[in-house]
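The listed protein sequences derive, respectively, from chains V and E. Under this note's numbering, think of the first position of the first sequence as 850, with each following residue one higher. Under this note's numbering, think of the first position of the second sequence as 850, with each following residue one higher.
Worth flagging that the hints you see were computed from the coordinates, not collected in a lab. Be careful, since some hints might not be right.
No more than 30 angstroms apart at the CA atoms, straight line, and that leaves these computed lysine-lysine pairs for DSSO-like [to be verified]:
(1) V/K996 - V/K945
(2) E/K945 - V/K966
(3) V/K861 - E/K1043
(4) E/K861 - V/K966
(5) E/K896 - E/K1218
(6) E/K861 - V/K949
(7) V/K861 - E/K1136
Taking beta-carbon pairs under 10 angstroms as the criterion, some of the chain E residues facing chain V (in silico) [to be verified]:
(8) L855
(9) A886
(10) A890
(11) Q924
(12) V942
(13) F989
Examples of chain E residues toward chain V, derived with CB under 8 angstroms [stated by the list, open to error]:
(14) G857
(15) E884
(16) V888
(17) A922
(18) L982
(19) F985
(20) E1004
Glycine residues also receive a C-beta, built at the ideal position from the N, C-alpha and C atoms.
Protein chains: 2
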Amino acid sequence: MLYTKLFGKTKKETPADEVSKSARLLIQAGYIQKEMAGVYAFLPLGKRVLDNIIQVIREEMEAIGGQEIHLGALQNPEIWETTDRWSDEGIDVWFKTQLKTGAEVGLATTHEEPLTKLVSQYVQSYRDLPVYLFQFQTKFRNELRSKSGILRTREFIMKDLYSFNTTGEALDTFYEEAQTAYFKVFNRLGLGDKTYLTFASGGPFSKYSHEFQTICDAGEDTIYVDEEKKLAVNDEVYTDQVLQDLGLEKENLKEVPAVEVGNIFKLKDKYSKPLGLTYTDSSGVEKPVIMGSYGIGPARCMGTIVEVLADKEGIVWPAEVAPFKVHIVGLGLQNAEVAEKAQKIYKQLQQEKVEVLFDDRADVSAGEKFADADLIGIPYRLVVSGKTSEKIEFKARNETEAKMLTLPEILAEIS
Amino acid sequence: MLYTKLFGKTKKETPADEVSKSARLLIQAGYIQKEMAGVYAFLPLGKRVLDNIIQVIREEMEAIGGQEIHLGALQNPEIWETTDRWSDEGIDVWFKTQLKTGAEVGLATTHEEPLTKLVSQYVQSYRDLPVYLFQFQTKFRNELRSKSGILRTREFIMKDLYSFNTTGEALDTFYEEAQTAYFKVFNRLGLGDKTYLTFASGGPFSKYSHEFQTICDAGEDTIYVDEEKKLAVNDEVYTDQVLQDLGLEKENLKEVPAVEVGNIFKLKDKYSKPLGLTYTDSSGVEKPVIMGSYGIGPARCMGTIVEVLADKEGIVWPAEVAPFKVHIVGLGLQNAEVAEKAQKIYKQLQQEKVEVLFDDRADVSAGEKFADADLIGIPYRLVVSGKTSEKIEFKARNETEAKMLTLPEILAEIS
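Build the full structure now, drawing on both the sequences and the hints.
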C-alpha cells in the first residue's frame, strides 16, 4: 500500500476529547475515528488490525472444534422472557426498538437464548453432541458511560463461543481446552505475559467464572495477582474464604488495575432447562444439555495491545496483529533514481508476499516520516534513500539499533 | 469436514412457513434458520457460502482501488437532520432507539451521511482524492413485510462502497469501472447470464441510477429486457421518452420479474454539499467533493443464486460460492476396510487443499445420502464404496453422468 493513497493519515494533534491512551494513539495514527460516544469507525489500517485479531481468534476456536455461525442482532422478547432477561433487572444494557407492526424487539447484548433455541432444533440425541459454535457478531450495549475509547463501546464485534455437552465432566474437559486456547490467543496477540486467569464471581450456577485480565493502567477492574502461580482473583471475590479455596496467600498477591480481555462461564443447564434444550442419552433418558459460554472482544484486545505495548513514540504492534509487516520510509524521493530504487524494493517485497506500507510522500521531511513510522507501529522499518546501495537500513520497531542488510537478509530476518 | 460433526443437518420436511424457494431449500439443506420474520441465522454451511460471496466482492472492490473500513450501526440524528433523512419522509425504514441518557439514536439503513462526515476530516485538497471506501456492515431496515427469506430481511450485511472524486468526469470514469467490477462479481457468483444492467430512477440529481437485476421468478421487481443489447429498464421509468433516450425499441423488450442484486448511484454533491465535504482544487478554489454509492447484499445474492440455479433435486452452487468443493459419499461404512478407504481419500484431498465434506454416516441408506448430496449442492460428488478400487465414481452436481476417475484425474478435473 502506498501511503499517499491510504485513507486515514496521521494527525499532528492528539484528540482532545479522548482520555484513554489507546484511543488517542489509534486516532492520531489513523486507525480509528470516533463517530459518537461509544461508537468508533475503523479506518483501513484499523480494519486490517481488527481482521488480524479476528483471524487469530478464529484459528484457535476452530482448533478446539468450533464451527462458525452468524446470528441476528434483532431479538424477539419472548425467548428472553423465558429466562427473565428481557427486563432491566435481567440485563441492564438493552437497546430496544419497535417493528413497524408495533412489536417490541431488542438488540442482542449476548446470544445464549437465541442460540440455545436454535440448537434445540438440531440436537435430539447424545449422538448430536458435543457441538461448539462461535461467531464474530456485533453486540449492542446501552452503557451509561463510554469514555475509554475502544476498550468499552456501545457497539462492538464480539467473538462468542457456546459449548453444548452431554455431561458436566464433558463441559469441564472442554472448558479446560478453551482456557488453553484463550492463552494461545493472548500469546499470539502479544498480551500473554500480562494476562492472568482470574477467578471471578460464578453466579448462582457455578462457584466461579474465569476472566482473562490483562494488567494495564487503563483497566476498569482491580485484580489481585499471584505472579508465580500465574493466577489472579477479581476484587469482587477477594475474600479470605476464596483465597483459602484457591490455595493463595494474601502476602503473595499484588493489587493491580486490569482490563478484562476475555471471560468464560460454565452455564450448565441455566439456559437449556428453561428453553427446553434436551437430549436423549444412550439409555433413552431425556436430559438437559450442559452449556458453557466463552467471550472475547477483538476491538478491546486491539485497544489493550496499544495500552500495554506502546512506548512514548507510538504504537508497537506484535507481528501477527500489525496492519503491515514492513514500513518502507523513502527519503529524497524527488530524485527519480531514488524513487525508482524504493519502488523496486516495494515491488520485490510484495512479490515475496510481504505486506508493505510504503511512505512515498515526496514533500515530507525525514524527521516527520520517522515520527509517523514510530506512531503507526509497524514491526519493521526499511529506509531507502540516495545512500541505499545493496544494503538497506533495517530496524525493528521495538529495537533502537538499525542494521544494514541485503534484501534476502531482510526476508530471512522477518520470516 | 465430517458430516456427522457438522452442525445443521438436512431436514426431511420443507419449512411450512416459507414461501420463497430459496428459503425453503436453504433451511431444508441446513444453511440457514429463521429466527424471526426477516431475521435469519447462518449455520456453518451458510456462513461458508456467505463468506465466499463476501470474498468475491471484496476482491473485485479492491481491484478497482477500494479500501475496506467499518462504520458503526448506531447513528447520531444530527447528521441525518442536515440532509433531511432523519424523518420517515426521508427514510421510511428506520429503527430508532434511545441511549440511557434519553438521547434518540438510529440504526443505519445506509451510510452516506456518517461516511461523508468522516471523510471530511481527512480530505482537504485535490491531492487527497480520489478515495474509494467500502465495508461489509450490518444494515437494519424496518420493512413492513418480510416474507421472501433472505432476499429481503430486516437485518443484513451489505457491501456498500462510496466514491469520492474531484469532478463529475472522474466520477463518470469510476462509475464505469464499478459497473465492470459488478459484472465480474455476478459472473463469478454464477449470475452473469441472467443479470442485466437496468436503468432506474435517478432521483433529483441524476437522470438515471443503475440497478443490477437478475431475472428470477421470485423477484419483486418488473423489468423490460433487451436480451441482445444486454440492457433493461425498470418499470418505474418504463416510458416512451426513456426508451427513446436509451435507443431501445418496445418490440425488442421482454417483461420479466427480477431481483435487484446490486445498485449504483451518482450522488454528485447531494451529500457533500450539506455536510460540508469540500476540497481545494489546484488553483485554490474550494469545491464540493463529487460522490457515488455502490451497494450489493451478499445474502440476497446467496438467495438469488439458489433461486436461479437450483433444480428439482436441490441447490446447485457455482464453484467459487460452494461451502465445499467436493462431497464424498461413503457407502457401506460399517465395513472397516471401506471406512478406511474413504478416510484415506478424504485425507488425501485435504492434503491437496481441497475443501471436502465427507458424509461419514454409517446408519443412513445410499438413497438418502445421494438425495442429501443433491439437496446440499456441492459441485463435485465422489462415491466411495466396497466396489471402489483405483477409480472413484465422480459426478458434477450439474451433470447427470458419472465417470470413473483416479484421484489425480479428479484433482485435474476440479482444479
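Worksheet item: Which of the numbered hints are not met once you compare them with the structure shown?
Response: Structure breaks hints 3, 6, 19.
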